[in-house]
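J.: Put the complex together from the two separate chains, hints included.
Here the protein sequences come in this chain order: A and B.
Residue numbers 1 to 262, in the working numbering, belong to the letters of the first sequence in order.
Residue numbers 1 to 319, in the working numbering, belong to the letters of the second sequence in order.
These aren't lab readings, by the way, just hints derived from the structure by calculation.
Computed from a predicted model, the values in this text were never measured in an experiment.
All clues stand as given, with none of them false.
Derived lysine-lysine pairs resembling BS3-like cross-links, with alpha carbons at most 25 Å apart:
(1) A:K175 to A:K110
(2) A:K7 to A:K67
(3) B:K305 to A:K133
(4) B:K305 to A:K128
(5) A:K133 to B:K201
Read off the chains here:
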Amino acid sequence: MNLLEVKNLTKNFGGLTAVDDVSLHVADQELVALIGPNGAGKTTIFNLLTGVNTPSSGTISLKIDEKLQLLNQQPVSKIADLGLARTFQNIRLFEQMTVLDNVMVAMTSKVSENPLSEVLRLPSFYEKETQMKDKAIKLLELFDLAESVDQKASNLAYGQQRRLEIVRALATEPKLLFLDEPAAGMNPRETAELTASIKMIQEKFKIAIILIEHDMKLVMELAQRIYVLEYGRLIAEGQPKEIQNNPEVIRAYLGGDDLELF
Amino acid sequence: MKRNLREQFIWLLIAFGGWLIIDLLTFGGVINSFMLTIITMIEINVILAVSLNLILGISGQFSLGHAGFMAIGAYASAIITQSLPTIWGFFLSIIVGIVISSFIALIEGIPTLRLRGDYLAIATLGVSEIIRITINNLEITNGPKGIYNLPQFSNWSLVYIVACIVTLIIVNLIHSKTGRAILAVRDNEIAASAVGVNPTKYKVIAFTVGAAGASLAGSLYANYIQSVTPGDFTFMQSISVLIMVVLGGVGSITGSVLAAVVLGVVDTVLQNYGALRMVLYSLILIIFMLFRPAGFLGNWEFSVKRFFTKQKSSRENKS
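Pulled out of the complex, with its shape left as it was, chain B reads as follows (with noise of 0.2 Å):
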């Protein structure tokens, strides 16, 4: 139990000192509002990443929706901020989006999920599609203009928090009596079914926490940016929080914050380059791929427990 607490207490730890270092280079000049700018996004990235993650890594379904979750909750913020413009009114748009985007995961989940690989992936894409195109015909969303002049009220360190937040409740789903069922049902569903776990169940409940996921970090997004519009929320938006998931190691969550950072920074250095960013861009995601195929890190997952369990032993051993 003490061990268990150690264990958490570890991990807010980390993550204030993280927040502590990006404050104090803030505080000191180093990082400016343009680098503060890429940061949050950064943040944002690992939100959806993460939250993908869930989806394709640990419940092994291919969807390429995350843009329309997205696209929830950056319109739900944008509406409610706009006529609410307080941080209670933001924070009860995020709750708005989340819940707006679970309920539609869910009436897309039961049917969709019987499907497999890349018939999921289509069909979770159409709806992703339907989500876009209704904003871009509906007169609350302002069409295709998008809505503009939004209240900032999330900021790096608000952004952090949440990305902290959203992290740690997914990892503790996974290493829970839920996530284990949900890693049994990627791993062979037959065998789940006959020990009494039910496959749609498991499934549907990974999909709504990963579509929630994204509902926020667009909520944050739209907030952030200070504008939204349909163009936003493209394929081309899940296809790039997909490439994330899969360059860090389909399965590792740590291989999702670790690439979220990691293209993020690689970006940001190739705007240097103009014209021959996305080149760039695309040669280095290819040669990542040939050389290590599963991902950065695969699905080896940093632990706090494995850490130090290792250190201890290896002090033992020498003494």
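The following block holds chain A by itself, in its conformation from the complex (with noise of 0.2 Å):
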């Protein structure tokens, strides 16, 4: 059973239908790359996906319990709670709170705790603060934010932001983790960097990846299956070899059509 199955996902807005009957699926542990031109319906997709939109039709299921469970309507907590996770396009943290903060709200669902006995301190509030925060140093360490935890999130460096996103979408335990362009506006050595970064989440945290990116040499590096849309439909679907070679992918890409009118 596949941990994600779309089936004929469909979005509307107005006259303008931005996702077309787009079927797609990812397996458990799988790195899938979504690409396409600007404006093809990708960042459309993860937001039909995450619940921020909701389908004009279609159905999003992911596989809980060995059971698949059907996520539209869901609100986005909810949604996030059953474990799906994202980064965004433009980066979005908590900006004025503490690094670390940002990574322990992220728990927030994890972590049952009574309102009392945060209120009045009792001992078991203190246990639970220690078990969030440890684990959410040793989270950060893996992505060399330790250093920083008590500084502002806005201070961070542009491509240290990048990455306190990620950190703090794996906090809250995903079984799929949404990455939304993660290498936009960073330079080569960042990139590789960030690549080493995805390939290291995959292994360690065993969960499953769904990629929008531009930059083609991360992706053919990393994906184990690709998807490319165009005007929201899908028009290639393989391994990183195929899609380099389909012929559809190329006439999107590069405009062949209009090279067989010369």
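T.: Encoded structure:
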């Protein structure tokens, strides 16, 4: 059984069909890339899958305890709770909060705490707080952020902010991680580091990853399978090698159709 | 663990120290009964400002409805202590006020907290006015005449203790899992829901706790002043609490306490100037806002932990 099963997903914004009858699936621990020219509907698909937008039609189901559960119509926070975590194309951190707090917020729904013990500072409060803190620091260490735990998130460098977003997503203990253009705005060295990090996430956390990215080098190196979108429709699916040689994909990216006219 | 206990203990010590100073000064005749009234009003204002800051500063919701919840508390206490004039009746009335306010905040919060900024301000103001006008027209509240000759159960030291407890509860709440979630929703609602934090739930929690605080302050107020009229809880009452929060620094609990004290003192000093009082008061506010637009303290907080680690490290540096 696949971890994520998406069938005939469609989204209309007024007269515009941003996502048109897209079906895709992700297996356990698989790394799938979603590519396509600008405006192809990649981020809209992420928004549909994570519940930010509701699909016009089609179904999204996630494997939970060996059973597929429908995610349509669920609120965003509930979907995140069920195991879908994401980062954003334009970074969205809790800017006024410290790096540590940014990560600890993501554990909110995983730790049950009695409000009375929070307010009265019973020993169980300190116990749980320490547990969460230790866990958060371990995660931050993996991404080289342990030294800035007490800094405000808005004071971090761009690359660090991107990494913090990934750490925050991982703190929700996801089954499936969505990365929306993680390498956007990064220099080649930072991109190489990111590539290594993503590999590490997949091996260490044993989770599936869906990646939107324009950096083809990164995509070809990491992805096990690639979906190609154009004008909201899927035009190709396959291994990186197949995609590189697929005439439809080359046409979508280079405009091959017009070339034949001459 | 030990350190954490020490931190709470130091807070307790500071609070007790403050109480002792006022008590000794009263005993020594430095503080007269007029000044004690002012001190009590300042303490009530501390409760109001701190609880509004939880809504306005910490959860980032612009509420103008604090007077409404205060009115509920005041009238609950007034009505109950009239027929049950014992201290236990007073405590019961406080609880009844808090329950009613929380309930109203809950049913008000769930639909209105989807609104933002000025729209939310207008909606909360509307509910507050509905509460006031309802009170104005009910038989049990004695209409616009209000209720007089209430027994006086609250005094400065009870209000002082309650103000400390309310502040402690709110500060503890902010520095917990719930508080982090509330701050996260304020900073970025979309990101908060993407990490599994339900924005509406945490906004409603902050709003309800804030409303409960206002109701508590109302109860203490009614049984201190010994009379309540609907005119005490108009729009202007909400505004005066808002001024304290903004002046102290939106998001700084320390600032709210400080502003409540400073404005109380300024107000008292200006009473000697008769008709000029309101002009001077407004001028002071304008000047403060010009020079410190973020309030006295911005979002800085006094922290016992930080204070002591700083002292320790400076001592280590010297040696």
